[in-house]
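Q: The residues making up each chain are set out below.
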Amino acid sequence: MRRVEKCVGVVDTTFARIDMAGPAIEELQRLLPGYRIIRYTVPGIKDLPGAAKRLVDQHRCEGIITLGWVGRREADKYSYLAMSIGLIMAELLTGSVLIDVTVHEDEADDPEELRRIALDRARKHARNLALMVKEGPTALSRHAGRGLRQGYPDVGPL
Amino acid sequence: MRRVEKCVGVVDTTFARIDMAGPAIEELQRLLPGYRIIRYTVPGIKDLPGAAKRLVDQHRCEGIITLGWVGRREADKYSYLAMSIGLIMAELLTGSVLIDVTVHEDEADDPEELRRIALDRARKHARNLALMVKEGPTALSRHAGRGLRQGYPDVGPL
Amino acid sequence: MRRVEKCVGVVDTTFARIDMAGPAIEELQRLLPGYRIIRYTVPGIKDLPGAAKRLVDQHRCEGIITLGWVGRREADKYSYLAMSIGLIMAELLTGSVLIDVTVHEDEADDPEELRRIALDRARKHARNLALMVKEGPTALSRHAGRGLRQGYPDVGPL
Amino acid sequence: MRRVEKCVGVVDTTFARIDMAGPAIEELQRLLPGYRIIRYTVPGIKDLPGAAKRLVDQHRCEGIITLGWVGRREADKYSYLAMSIGLIMAELLTGSVLIDVTVHEDEADDPEELRRIALDRARKHARNLALMVKEGPTALSRHAGRGLRQGYPDVGPL
Amino acid sequence: MRRVEKCVGVVDTTFARIDMAGPAIEELQRLLPGYRIIRYTVPGIKDLPGAAKRLVDQHRCEGIITLGWVGRREADKYSYLAMSIGLIMAELLTGSVLIDVTVHEDEADDPEELRRIALDRARKHARNLALMVKEGPTALSRHAGRGLRQGYPDVGPL
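The listed protein sequences correspond, in order, to chains A, B, C, D and E. Numbering follows the working numbering, in which position 118 of the first sequence is assigned residue number 118; successive positions increment by one, without gaps. Numbering follows the working numbering, in which position 121 of the second sequence is assigned residue number 1121; successive positions increment by one, without gaps. Numbering follows the working numbering, in which position 25 of the third sequence is assigned residue number 2025; successive positions increment by one, without gaps. Numbering follows the working numbering, in which position 129 of the fourth sequence is assigned residue number 3129; successive positions increment by one, without gaps. Numbering follows the working numbering, in which position 107 of the fifth sequence is assigned residue number 4107; successive positions increment by one, without gaps.
Just so you know, the hints here were simulated from the structure itself, not pulled from any lab data. There may be inaccurate statements among the hints.
Unchecked claim - Okay, derived cross-link-like pairs now, DSS-like style, lysine-lysine, Cα gap no bigger than 30 Å in a straight line:
id	chain 1	residue 1	chain 2	residue 2
1	E	K4077	D	K3077
2	B	K1006	A	K77
3	B	K1134	C	K2134
4	B	K1077	E	K4006
5	B	K1134	B	K1006
6	C	K2077	D	K3077
7	C	K2077	B	K1077
8	D	K3134	C	K2134
9	A	K77	E	K4006
10	A	K6	E	K4134
11	C	K2006	C	K2134
12	D	K3134	E	K4006
13	A	K77	C	K2006
14	A	K134	B	K1006
15	D	K3006	D	K3134
16	A	K6	A	K134
17	D	K3077	B	K1077
18	E	K4077	C	K2077
19	A	K77	D	K3134
20	E	K4006	E	K4134
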């Protein structure tokens, strides 16, 4: 019988203009020391759901983080919608925790600002994934309804 | 053999700016005294369908209430659509009753008004869920076509 | 072995402002005298697909009619889209005939006109369902391409 | 054991304002002489995917042509999207060749022009279906990238 | 037992106005010398997911490249969305690598420019597919976050 190593997956794209896998992997290694981290790189966001599913099917990963980048054109917005539906379907079909990091290129005009958003979002969501994998359904419950944001400062509760 | 306790699930997010789980759990405890209430907190709305499905798969919960919060940006609207399709798919795949509470941040500019909407909607839909779980398909039939609203006063029949 | 009674299902909502189940049930009773009619009432349109599927799974109903009401806001339009995709998925997964009656609140400003639309649409589609269940795939073929409308007068062929 | 007759299906609607099944069936009979042609008529476009799947499930049809008509209202456009996703899902779930003919009522103001579009599109796509069923994956390859159109004259390659 | 030959699939359309299969097949032959390349031609983009799935089901292809062309009308945009969701579902259901090349006719007014975009995109994505099939999940990781583009020059990292 094949021994199954505990793992989480990181799926990123060559379309993205910032390497978000670096900070994501760093956080996952720090918070999930016993886990193998498996990388999968695909061309663009519509390829993320399939790759996430293949990682779970082949390695039984408990969690996956996907790192997507959405362009400025109308077609890119439709692609974002298709990807979002696809990632949810992948999560429903696999039962693994699937956390989706998406940066929209039109979130900021300044490259430095975009860079800050992307790295912060990837890092914070990698922490979310690690906590959910390690501690289960109530890992984030102390922050429920607290207006947390990834890529921006938390806005807090109303 | 593992004894299966009757349960309902409450899935909420850290993105939301108001704690809707409080009033939802209060109603569920009041109306479903024999049920265990299981909480699952995820980062944002696109994570709700997967968490709802995992709760049902692991605990055989008869019903789930999800508590989502939608931001003001165009991308948030697409995320709402993806979440809605995903929640319906989760309901089709599990056979459990899945009630979806969503607050759109642009429903009101006044924080107090938003707060009132969110709490009222969560509370009323928790009652809907409890009634449907306890009394079955005709639990709400006396109100069919009566223009009930959650988050706002009922508008009544035409 | 449990004896399976022939049945059709009627799924409606408490969100709707007109009771469409009344005329739908009346037509189904008249045209399908041997069938049990099972009612399921849910809060809103996004709850219709799950309830339709549960009715088929539990009672093996050959046909289902859903009676939805769509509000005037942009979010309501997205909900309509999600519901439509969900109802089609429910039909693909169950193999039962699923007929969807939807009234959009912005179809008319005059309440009396909306009422007329809703009742006519529910009644005509209940007839469609009964015919399809009783007579099969060619039940409606004599009207194919004839510009039939529900809620409005038929527009006829071009 | 039940002998399975070779068949193709034609699914049309009572909503359509032009009988597209006539020319479609004519072409299918001419090009697929050994096949039984099975008709299914439904009320509107959102009913097409379910009927197509039932035809394949009950008769093992190798191919299905659906004949849809889309109205001018915004809700009709959403229905077109839901139908399109549903037809693709039906094709993925059945493995049969499913060709979709859709006429949008706003393609032309002149009824004669609409009529010409609808009949031409139905006839050409029926030929496409027959060729794909008879000759398999490369039946249309000699026309790949050649700018073929159905309902309009071919635009040709760039 | 039937011997299964290693294969990749190329699915294109008669709607497209440029033959993208030529350069795609050329690259696949060059980079995957041991693989059979199987072609499937369908009428339009909504037919791509079904054909991709049938190729995998019948030949167990490890990878598929689809070559789509999207017209300028609003209905074409909805068709693009439906196709995108469908291709992702096909990828989730088959487990094969599915790379989607789409050219939008409104990407350029100049036919020569459109031609350049289409051929470059098909060729580069065929390379992506070949690399992913041959070298697996990390084949593209050295280019992750590097702003690669297909159809246009790479934009590079920020």
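Q: Indicate, hint by hint, whether the structure satisfies it.
A: Hints and how they fare:
Taking the CA atoms of K4077 of chain E and K3077 of chain D, the gap is about 11 Å. The hint holds against a cut of 30 Å. Pair hint K1006 of chain B plus K77 of chain A does not hold up; C-alpha atoms about 42 Å apart against a cutoff of 30 Å. This hinted pair does not check out: K1134 of chain B and K2134 of chain C have alpha carbons roughly 34 Å apart, beyond 30 Å. With a CA separation close to 43 Å, the supplied pair K1077 of chain B and K4006 of chain E exceeds the 30 Å bound.
Annotation: proposed proximity of K1134 of chain B to K1006 of chain B holds, straight-line Cα distance about 11 Å (limit 30 Å). Taking the CA atoms of K2077 of chain C and K3077 of chain D, the gap is about 11 Å. The hint holds against a cut of 30 Å. A threshold of 30 Å between alpha carbons decides the hint, and for K2077 of chain C with K1077 of chain B the separation of about 11 Å falls inside it, so the pair holds. Between K3134 of chain D and K2134 of chain C, the direct Cα distance comes to roughly 34 Å. Violation of the 30 Å bound is thereby established for this hinted pair.
With a C-alpha separation of about 36 Å, the suggested pairing of K77 of chain A with K4006 of chain E is violated against the 30 Å cut-off. In summary, the hint linking K6 of chain A to K4134 of chain E is supported, as the alpha carbons are separated by about 26 Å, within the 30 Å threshold. Between the alpha carbons of K2006 of chain C and K2134 of chain C the distance comes to roughly 11 Å, so the proposed pair stays at or under 30 Å and holds. A C-alpha spacing of about 25 Å is found between K3134 of chain D and K4006 of chain E, which places the hinted pair at or below 30 Å, so the restraint holds.
About 46 Å separates the Cα atoms of K77 of chain A and K2006 of chain C, which puts this hinted pair outside 30 Å; it is violated. With a C-alpha separation of about 25 Å, the suggested pair K134 of chain A and K1006 of chain B falls inside the 30 Å cut-off, and the hint holds. For a cut-off of 30 Å, the pair hint linking K3006 of chain D to K3134 of chain D stands: about 11 Å separates their Cα positions. Proximity of K6 of chain A to K134 of chain A is assessed by CA-CA distance (about 11 Å); at most 30 Å being required, the pair is judged to hold.
For the given pair, K3077 of chain D sits about 18 Å from K1077 of chain B by alpha-carbon distance, which is consistent with the 30 Å threshold. Restraint check: the Cα-Cα separation between K4077 of chain E and K2077 of chain C comes to about 18 Å, which is no more than 30 Å; the hinted pair holds. For the hint pairing K77 of chain A with K3134 of chain D, the CA-to-CA distance comes to about 39 Å; that exceeds 30 Å, so the pair is violated. Taken as a hint, the K4006 of chain E and K4134 of chain E pair is honoured in the structure, with Cα atoms around 11 Å apart against an allowance of 30 Å.
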